Amino acid sequence: MTSPADPPDGAGTGGPRLKLLAVTACPTGIAHTYMAAEKLVQAAQALGHEMKVETQGSIGAENVLSDNDVIQADGIIVAADKDVDLSRFAGKRVLSVGVAEGIHHPERLVERVRSAPVHRGDGSGGGAGPAAAVGGPGGGGGKQRGVGYKALMNGVSYMIPFVVVGGLLIAVSLALGGHAQPDGGLVIPEGSFWKHVNDIGVIGFTLMIPILSGYIAYAIGDRPALVPGMIGGWIANTGALYGSESGAGFIGAIVTGFLAGYLVVWIKKVEVPRFVRPIMPIIVIPVVATSALGLFFIYVLGKPIAWVFEHLTDWLAGLTGTSAALLGVILGLMIAFDMGGPVNKTAFLFGAGLVSKNPEIMGMCAAAIPVPPLGQGLATLMRRKLFSEQERETGLAALFMGFFGITEGAIPFAAARPARVIPANMVGGAVAGAIAGLAAVTDSVPHGGPIVAVLGAVGGVPMFFVAIAVGAAATALTTVTLMSVGRGTTVGSGMPVGDAVASMPSTPSTPAPVAAGALPVPGVGEVLSGYLTELTVRQRLVADEKEAAIREMAELLAATGKVTNTDALVATALAREALGTTGLGEEIAIPHAKTNAVSAPVVGFARSAEGVEWGAPDGTRARLIFMIAVPEAAAGDVHLRILALLSRRLMDPGFRERLLAAPDAEAIMRVLGEIQ
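With the first letter of the sequence shown counted as 1, position 261 gets the number 257 in my numbering; the numbers rise by one all the way through.
Derived from the structure by calculation, the hints contain no laboratory data. None of these values were measured; they are calculated from a predicted model. Built from N, CA and C at the ideal position, the CB exists for glycine as well. Hints are all accurate, no fakes.
If you anchor each label on the Cβ, the simulated ranges turn out as follows:
(1) Arg637 to Gly187: 53 to 59 Å
(2) Asn561 to Asp65: 43 to 49 Å
(3) Val60 to Asp218: 19 to 25 Å
With the hints as extra help, turn the sequences into a complete structure.
Have a look at this one:
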């Protein structure tokens, strides 16, 4: 056998047959896991190699790689958007990429694994540690999903619900419980119902920073890192602990999250007596890491933050006599930079402190405050395909928060893509501040956003709204421009933006004619263990949008007599869509539901001639639509296994072509009979 670390030269087309392994996994753990697995197997076979793939999905690891498999392997491809333990691959060539690479560039990965770095089992080699983009031959490589990227996305995903819940509760309480004051202010009476709602929202906002930090740390150092990460995030956001009038905000939380995670990883490597090992993860590591990180932030990192806050305030005080437009630009840049951090708070408190003497300064701040959330929300509406389903939903919440002057509504976008979003926010903030300064807009209360104008606290209302609108538009346009520049990279959901079909490995585009009887015909009246029958096949879907398509599919399933409540089935399927689109790309959608509205598992299939917009990562409209419904009480992993079967088979372009070309229901069933 050839050396695992040094496959024979010439392997690949016309060379010796290699024994390759792969692991595929994605955060949702269903379709993309199996799509990548199928593509990798197909690519390896086409190049004359042997490939075994372990899938790590929601039904657990399947086709698990044995020690013997690893010993004999010439290379291992890890196509995953979540953490995969690479320690078992020590001494082997390991290529780590995102799961999308496994779907769209499998042949390239099979070629690249021959020259991949050898994983040494110490966090180096094979992309085991934090990684940046790595290019393949000719610079055509994909983006490597290192620990750093995954950790940041882990923190952001857990933070988003706190931002949304906290922000919306604060906004609703202000809208419904706030009372306008004679001076234009807005106050929620103490002890009232809406004050309690506001307090709950404030708690959500307070928790979002520690959550971000804690789950970044958790993704790096596992459970022992959670406590130091969360406490570190709380310390970073509590400026009073280190002599600053403002905390370090979400940027400080990202810093403490990574520091906590890697500190725990380092502590784990320290050799300790055997009797101490059982208490290391539950007592020693959390206590030592939390204390060290907390004290480090208070005594070392906190001092520069306090210094920045103090000197920025003094610097701004020296600018009050300068051009109003220039001061507006500076204040707008600061407001939009860290959205609650020391730079933002410096500008806000500077404006708030001069409300009674110079309300024009607060007017500049008030115009810039809502721009980041409004701009990011507008960006998700302008170019929906650039954002994941979750981000589009967060964008709607950001628009609402922006109206009420809650700048933090843009934090999830900034935390996920700081290099693109923060500059875009600053452009919009600067524009809004400059316009408000030139127009001498005033604000008599220490708050911002359209709400203060609605409540009568703003002087120069028309130009105030012009400043906000132009600033938000500038942020949105800059955001989508910067994201479009990186269309070849991945965003949000981890799937590539752009036309995925065009990036697929080249395959024959015209399938061989399907003659009657050429395909397996036994049992063509039912496939997928009888869950899909000719009764649940529709040649042409009438609906032209997602919700209507799901209802039409539910009514199709109801023809079997297994659906007891069509409306409940539709509601469950739509609730699942709200968690993330089931549009998989490649013109495929597989909506699914676990609900007691069905008495037994049932699967339906329909084709759409024009395609239905399903929010697929690759932007394609769904033309091949499968709907899966299983009872809640006895669901088990039936729907996941059906998804696995469908995902694998649908990765064959010839199969999809035959399914689209089948002239009638009988021919469709004959093609579907290939699913085994």
